[in-house]
Amino acid sequence: MKTRDHIRSSSQRRGKPEFPVMELIEGMPVYYRGYRQYLQGVSPKENVMGSGMLQSLITSAILVYLARQLEENEYLLSTNQSGLRISEKTMLANDIAVFKRNDIPVKAIGKGYFTVPPIAVIEIDTKADPEIEQSMNYPSKKTQLLLDFGVQEVIWIFTDPRKIWLATPNKPWAVVEWDQEISIMGHSIQLDLFLREKGIIL
-1 MKTRDHIRSS
9 SQRRGKPEFP
19 VMELIEGMPV
29 YYRGYRQYLQ
39 GVSPKENVMG
49 SGMLQSLITS
59 AILVYLARQL
69 EENEYLLSTN
79 QSGLRISEKT
89 MLANDIAVFK
99 RNDIPVKAIG
109 KGYFTVPPIA
119 VIEIDTKADP
129 EIEQSMNYPS
139 KKTQLLLDFG
149 VQEVIWIFTD
159 PRKIWLATPN
169 KPWAVVEWDQ
179 EISIMGHSIQ
189 LDLFLREKGI
199 IL
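Sequential numbering from -1 applies to the sequence shown in my numbering.
Watch out, some of these pointers could steer you wrong.
Derived DSSO-like pairs (lysine-lysine); straight-line CA-CA distance at most 30 Å [unchecked claim]: (1) Lys105 - Lys87; (2) Lys87 - Lys169; (3) Lys169 - Lys98; (4) Lys98 - Lys196; (5) Lys14 - Lys139.
Simulated from the structure, these hints should not be mistaken for laboratory data.
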């Protein structure tokens, strides 16, 4: 059975996190929620990595919305826990990342992580282990790392309770309700109404 120390050293040696490590933050592994059950052989990998119905549908709806709003020849949309390498010790995964197309030349696209900052990052809940999440104040820490790397807009959508975090460089972060209008990449959206119209929430 793999131990936490083995997984941590293997992740750093390979240059990308090895399951059940979800991300590396300043050399510290961020494990998937439920990773202990996986290590004990109680829960399969797919159960630990998979998103819930609500989270996956919100991600899909926002991705389609952005694809319709943004100019395809100007932006690239990345999803599916898109890997972002900030440094050797910090490698993150994003639910939705929006890049300027000019920053990602075709010849640079491969199997590795993105190494340039996206314009915007959108996260829906967190898959991080609750103990680790609390000990490092995970959402805040990840948000600050993204902003410091050059991301211009970080949005967290939380489903329980229904809150939205909005963070941009050099400005106070805001926490709003789902029924308040927000801006995503310069486009206004009222999340509660949007998801109701899509038949995702009641």
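Evaluated hints:
no.	hint	result
1	Lys105 - Lys87	holds (25 Å)
2	Lys87 - Lys169	holds (27 Å)
3	Lys169 - Lys98	holds (22 Å)
4	Lys98 - Lys196	holds (28 Å)
5	Lys14 - Lys139	holds (19 Å)
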